[in-house]
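Going down the list, the protein sequences come from chains G and L.
The first sequence begins at 1 in the UniProt record's numbering and counts up by one.
The second sequence begins at 1 in the UniProt record's numbering and counts up by one.
Just so you know, these hints were derived from the structure itself, not from any lab.
One should not assume that every hint holds.
Dumping the calculated SDA-like pairs for lysine to any residue here, alpha-carbon to alpha-carbon at most 25 Å [as the list claims (entries may be wrong)]:
id, chain 1, residue 1, chain 2, residue 2
1, G, Lys132, G, Gln145
2, G, Lys91, L, Asp234
3, G, Lys91, L, Pro171
4, L, Lys54, L, Leu35
5, G, Lys73, L, Arg237
6, G, Lys91, L, Val251
7, G, Lys91, G, Asp62
8, G, Lys91, L, Lys54
9, G, Lys132, L, Arg87
10, G, Lys132, L, Arg252
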Amino acid sequence: MSAPLLSLKDLRIAFPDGDGGMAEGLRGVDLSLDPGEVLGIVGESGSGKSIAMMALLQLLPDSARVSGSARFKGQELIGMAGPRIRRIRGKSIGCIFQDPLSAFNPVLRIGDQVAEAILLHDSSRSRRDAMKAVEGLFERVAIPQPARRLRQYPHEFSGGMRQRAMIAMALANSPELLIADEPTTALDVTVQAQILDLLRDLRRDLGIGMVLITHDLGVVAGIADKIAVMYGGRIVERGATDPVFYETAHPYTAGLIGAVPDIEGTGALRQIEGTPPSIFTRPGGCSFHPRCTRAQAICAQEDPALAEVGNTDCACHFPLIATRTEVAE
Amino acid sequence: MLAYVLRRLISIPFLLLGVASVSFLLSQMTKGDPLAALVPERMMSNPEIVETVKAQWGLDQPLPIRYLRYLGNLVQGDLGTSFATRRPVATDIAERLPATLELVIAAMIIGTAMGLTLGLLSARFRGSAFDSIARIFALIGSSLPIFWSGLILLYVLSVRLAIVPGTGRLPPRIAPPPHHTGFYTVDALIAGDLSLFVQALTHLALPAFVLGWAVTGIITRLVRSSIVEGLSLDYARTARAKGAPERVVLVRHALPNALIPLLTILGFTFAYLITGAVLTEAIFSWPGIGSYAVRAAGALDYPAIGGVTIVGSVAFLLANLLTDIAYAWANPRIKVH
């Protein structure tokens, strides 16, 4: 088996809580991704899914304290010196963000912003040459009339077109890993489907590894090879896509699946009662216990370890599938 | 865009009508008697002379007539005749305006350059010793009254250390360059006289610095806060995710966005500098419209006061128009109609 493209070991992130202490936003996350694989990270806001990915590119605010390990093709990213991490950002690892309007600079032309991604990593190329490349990228992501479009400003693009341009920018240097942070959340439903189709095509044609961060299980269902479900700063369930959907072990995952509208379904959507905890007010024990229908006394006292349950790994005292063995690390 | 500019230009005369009316009526409401400026004191007791002077200057007419006459003259570009210099106010102002504009433009360049540089560096090294020093420097400039900082700097730099020449636009007994623009520095260059250019420039340097320093504070603060804000926005994160070093994020991404609010401030700054120039000109014996206005106010020279007011208003309105045009240019999201 080849070396993993990305592997996280016990990744932890803490932020100052404003009272002189630190609050843990990420509490020991282990993940790995092989080249060309697609990993879906699913969770509600505050679950730590985005900060984990921002931490590996060192894009968190300076006040964040990051520990543990994140290796990209064997190189340790945590604590890597500025010039070295900058050669990885946008070159080997591309990023797509949630809101493509605010993610683009409003006063610069789109073409220049995409070309910048190329020129930053290859100063020998001329601007004109980079612009030609941008035109090709725009064609690749199906932006019509690319030559005209690249002279426009972000506000002249529709939401879907902006996200396509954002994807073009992330692909500019043929990265091996694409991190997509809620790439469809800010878009209309029909446009969401188009962007997901585009990501699927890119994955098929370029063999690019992807981490797809979303709060919507429906988004990752058709594209991810494996899924990690996060809650309260840790992974509560992780496994290949099919078992996570069809042999769900964690009550939270089951709740998320119940909250996805089903086109054939006739019943009402089931929602998970309550709201996700903030990192400053996380309950003790299993952080999901106040909202969990299966919770018992032990759930409030002891945080369950991630363990193999059936065909997925699950962190729950009372998983829905009751065969539980500790995961050998 | 062109239609917008034309519409704005058409509105200017109407605004000026308002300014002229207010300034005329205000001057009528003051207690001071303009006759004091026109008739020597010992002749005031002679009713014949007083009547003659009144008739000569039209002061015997009722207020509405004088008002309409004033406006009628204004429309023809006649700002009246100064009580003090006995010359047309328009001629006086035309002669002195270039000196003020040269001073204000130089101050604007110095203030903007210092403000931008300090703001950029403070944002880049926020929290550092440089940040604090820049803040104090900017704060001193905006808190010290110009008449004080001007006097102190003039005393220290010119009288004690003799680093810069004294007051005025040129050394005494040096003839100004042939008139083209009225800006001595530019005219000296046009004439190809380098040593004259240097002399004009060194005379300009201190008053322009004093005046520019006064607006450095507001520009520094604005640039610093806009850039610090910009660095925390999504587009800055995108730039970093592309692999851009912090310097590039700052200059190429945050700075162009900071220019938008800066342009608005520069419009106000210009107005502030026009008024600030009054004090600076008085201290540095700068023969511009500022010192003219001070003299006119002291002598109750109403036509001159009105003339300076109107010229100042025109400058202000044009500066505002330029600001709006520049704003539309800097911000591609704005389409003017």
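Does G/Lys132 pair with L/Arg252 here, judged by a C-alpha cut-off of 25 Å?
holds, 21 Å
Quickly compare the C-alpha distance for G/Lys91 and L/Val251 to 25 Å and report which way the hint goes.
Holds - the C-alpha atoms of L/Val251 and G/Lys91 are around 21 Å apart, at most 25 Å.
Taking 25 Å as the top limit, are the C-alpha atoms of G/Lys132 and L/Arg87 close enough?
violated, 66 Å
For a C-alpha distance cap of 25 Å, please report whether G/Lys91 and L/Asp234 respect it.
Roughly 19 Å between the alpha carbons, so the hint for G/Lys91 and L/Asp234 holds.
Just to be careful, I want the Cα atoms of L/Lys54 and L/Leu35 compared with a cutoff of 25 Å; is the pair within it?
holds, 8 Å
Are the Cα positions of G/Lys91 and L/Lys54 separated by 25 Å at most?
With Cα atoms ~84 Å apart, G/Lys91 and L/Lys54 exceed 25 Å; violated.
Please verify whether G/Lys73 and L/Arg237 have alpha carbons no more than 25 Å apart.
Measuring from Cα to Cα gives roughly 24 Å; hence the hint holds.
Does G/Lys132 pair with G/Gln145 here, judged by a C-alpha cut-off of 25 Å?
holds, 13 Å
Compare the distance between the alpha carbons of G/Lys91 and G/Asp62 with 25 Å, and conclude whether the hinted pair is satisfied.
holds, 23 Å
Taking 25 Å as the top limit, are the C-alpha atoms of G/Lys91 and L/Pro171 close enough?
Between G/Lys91 and L/Pro171 the Cα gap is close to 62 Å, so the pair fails against 25 Å, i.e. violated.
When the structure is compared with the earlier hints, violations turn up for hints 3, 8 and 9 and for no others.
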